[in-house]
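Residue numbers (the numbering used here), protein chains in the order written: chain G, 1 to 396; chain H, 1 to 396.
To be clear, the hints were calculated from the coordinates, so they are not data collected in a lab.
One or more hints might be untrue.
Copies of the same chain are indistinguishable here, so a pair counts whether it falls within one copy or spans any two.
[Claimed, not checked] Below are the EDC-like pairs computed for lysine to aspartate or glutamate, each with C-alpha atoms no more than 16 Å apart in a straight line:
#1 Lys-360 - Glu-317
#2 Lys-360 - Asp-381
#3 Lys-4 - Glu-317
#4 Lys-286 - Asp-272
#5 Lys-263 - Glu-233
#6 Lys-265 - Asp-57
#7 Lys-280 - Glu-135
#8 Lys-251 - Asp-332
#9 Lys-286 - Asp-62
#10 Lys-265 - Glu-83
#11 Lys-319 - Asp-30
#12 Lys-319 - Glu-135
#13 Lys-286 - Glu-271
Predicted model only: the values in this text are computed from it and were never measured.
Protein chains: 2
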Amino acid sequence: MKRKQLVIGLFGFGNVGQGLCDVLRRVNPDNVRIARACVRNTKKHRDAPVPITDKADDIFNDPEINLIVELIDDADAAYVIVERALRQGIPVVSGNKKMLAYHIMDLIELQRLTGTALLYDASACGSIPVIRNLEEYYDNDLLISVKGILNGSSNFILSKIFNEGMDYSEALSIAQRLGFAESNPTLDVDGWDSLFKLVIITIHAFGVYVRPEEIFTFGIGRMTADDIRFANEKRRRIKLVGCAEKLGDDKLALTVMPQLISKQKYIYSVEDEFNGIVIKGMFYYKQFMFGRGAGGHPTGSSVLSDITAQTYDYRYEYKKLNSGHTPTYTTDFIFRIYYRYTTEGERHLLTFENINESYKSATYNYIVGDICLSELIRNADTLRRAEVFVAAYPAD
Amino acid sequence: MKRKQLVIGLFGFGNVGQGLCDVLRRVNPDNVRIARACVRNTKKHRDAPVPITDKADDIFNDPEINLIVELIDDADAAYVIVERALRQGIPVVSGNKKMLAYHIMDLIELQRLTGTALLYDASACGSIPVIRNLEEYYDNDLLISVKGILNGSSNFILSKIFNEGMDYSEALSIAQRLGFAESNPTLDVDGWDSLFKLVIITIHAFGVYVRPEEIFTFGIGRMTADDIRFANEKRRRIKLVGCAEKLGDDKLALTVMPQLISKQKYIYSVEDEFNGIVIKGMFYYKQFMFGRGAGGHPTGSSVLSDITAQTYDYRYEYKKLNSGHTPTYTTDFIFRIYYRYTTEGERHLLTFENINESYKSATYNYIVGDICLSELIRNADTLRRAEVFVAAYPAD
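Same shape as in the complex, but just chain G (with noise of 0.2 Å):
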């Protein structure tokens, strides 16, 4: 097989884009070279490996660059540079989890228009090859469900939280001073870092796009020492779980929010900043993937394989979205939550289905019971703002 030559024109040279060149350092594939980065701040980079520029037209006019590979942290200028790199007909990498989820429709659109690919396995879970699995390999009408942690930084804190004792500040700390996560980080632990990458990996897995601002999404920013406590003495471990879940044959739930996970379940073992994904199919039962889910060098490498993908003119097919039969994203799901509160005003903020258990005490009340996920996302921004903190409690 005739393999292409790529040269690479790079925009971003943050933590992965470094982690991208220290990878071709050692790899030394002989088709794939990088003419030209290009940044905000060329001062900044001035000892990086390859040509530095702060000018986008300086590879836009490259008649030589045929792969845009886009690795920067603003998502609108990202937007900016894929679009035009998909009209111009150069194909692109991205890892941009953010500018996918929210332009992922359009960016379909440009690429079934112009012909031009967009990869971007490195935007969900790093190094797990999730998105290529999910598109070529698990076949939609077998497909159940697609949970997992998907966000490392959040699952780091978790960890220390739950094995170690830690309370959520200190691990928090912990977690900032060695760069698991950022000095705001917000992104991370309140959820939106895996809201992104669940509404990618749901239009891969059952091909249906749901915007992310319909998606229930809540993080582990307000958990307590009541809350773990809680946990430990379920013998549950607190997680932040993305999960795409189908009812019946034609209905899908999404949610991003912590869960209550017994010891049986895969993701209870997810330690640190690892991901990891459990697939459940109709006839092989479950599958687990796990692996490094963030950092410079695995996600440079899954950036390498989607590079290496282009070499040979591999495309997404958007096999299951263009299937015909896709189920409906639904929010009238009722389910099982934990929820701790403080007032009564925020005890009547929701309306149950039905109560298990009411706790109340001087310091901590919370409430077991079924809830209609549209209850939840009806009252998304004011539960975010409130003193309380809410789990998915799944059965054994």
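Since the structure of chain G is already known, use the hints to place chain H on it.
What follows is chain H alone, placed relative to chain G:
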């Protein structure tokens, strides 16, 4: 994308053939249909949901049939079928690992000559999409090792022993009663099934073919209560592991043998009839894939994934085999083993490079020492016939 209509000629209607029919009935794809099944004994399959024949020509001469699915036990007969199909230009899906382990190089050449595809993801690790992942995703130069529990039957037996304190024969008979082991369990417990899978995996992981008889293969059939106690005392479990491991940049060592696995390793927790594969890469550390490795429905589901891939003319490209820079198989590899023996003759059968522990008593003798793989291969036949047990003893 336009999908091809597939009309299948099925060879074999055992456990997996039946599983495939069940999966197809449930999924009900509108572009896949089994036209006819060819079996040895038509009387046995009177109630099959498809027309039955005992003449291969009924399939090969049916002009409607454009895919052969081969799911028979007999490796020689399977080869005849697969070769004939490819020569006739009919693509094939096969699950016959023994046939593939011996004939894969001929069949790769035949695919090239005829331009006709042969897919066999179902042949290794049932429902885990390991072959296609190695082929499509993991870039050759980054892979360091692929290790795994490749046989569900022997793992089921080992789980019963180490979790429930059963002895070997008790665990074997339960495995047989539950259908996880054959009445003649040699293929599973002596490592041959794992060996065939390892040969196939190694082609796709490293682009290297090694004939099965050149690979050191030792099973769990000779394991005694002493070996089990030794493992427990060292806080390890014995697992039957297939292993392909790069040594430096250009050498590759392969083994199929019991390993004393410590708790920190992912495969320590692979229980019962499950399979688990750890893929180690230079930059992403480790990935772990886990799932049902056997059984009619999981394997039938994997066969269906290969069938679905044929609807869009997917082919393995053998990228690593064709890459021109593959490592060389070596047996010049020193590693630590546990060697339990009975007689002095057995003691001196093996020449160790270095002996770390040596224990003798009236009934139980062992050595823990470093040995060259070539020394084990030289004595493999004798070891398999003697009252000894050999297990790799990797560092923690």
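Problem set entry | Identical-chain pair category, Lys-251 with Asp-332, by Cα at 16 Å | This pair counts as within: shortest intra-copy Cα distance 9 Å, inter-copy 57 Å.
Exercise. 16 Å Cα cut-off: does Lys-263 pair with Glu-233 within a copy, between copies, both or neither?
Worked result: within (13 Å within a copy, 25 Å between copies)
For this session: Give the relationship of Lys-360 and Asp-381 under a CA distance limit of 16 Å: within one copy only, between copies only, both, or neither.
Result: This pair counts as neither: shortest intra-copy Cα distance 25 Å, inter-copy 71 Å.
For this session: Please work out whether the CA atoms of Lys-286 and Asp-62 approach to 16 Å or closer within one copy, between two copies, in both situations, or in neither?
Result: Neither: 48 Å inside a copy, 38 Å across copies.
Problem set entry | Homomeric proximity label, Lys-360 with Glu-317: Cα distance no greater than 16 Å | Classified as neither: same-chain Cα gap 53 Å, cross-chain 63 Å, threshold 16 Å.
For this session: Classify it for me, Lys-4 with Glu-317: is the Cα-Cα distance of at most 16 Å met within a copy, between copies, both or neither?
Result: For Lys-4 and Glu-317, only the inter-copy Cα distance (15 Å) is at most 16 Å; the intra-copy one is 20 Å.
For this session: Indicate which option fits the pair Lys-265, Asp-57 if close means a Cα-Cα distance not exceeding 16 Å: within, between, both or neither.
Result: neither (50 Å within a copy, 49 Å between copies)
Problem set entry | Alpha-carbon proximity between Lys-319 and Glu-135, which holds within one copy, between copies, both or neither at 16 Å | within (7 Å within a copy, 20 Å between copies)
Exercise. How would you classify Lys-286 and Asp-272 at a CA-CA limit of 16 Å: within, between, both, or neither?
Worked result: between (22 Å within a copy, 14 Å between copies)
Problem set entry | Homomeric proximity label, Lys-280 with Glu-135: Cα distance no greater than 16 Å | within (15 Å within a copy, 23 Å between copies)
Problem set entry | 16 Å Cα threshold - placement of Glu-271 relative to Lys-286 | For Lys-286 and Glu-271, only the inter-copy Cα distance (13 Å) is at most 16 Å; the intra-copy one is 19 Å.
For this session: First find the shortest C-alpha distance between Lys-265 and Glu-83 inside one copy, then the shortest across copies, and answer within, between, both or neither for a cut-off of 16 Å.
Result: neither (41 Å within a copy, 44 Å between copies)
The structure does not agree with the numbered hints 1, 2, 6, 9, 10 stated previously, though it agrees with the rest.
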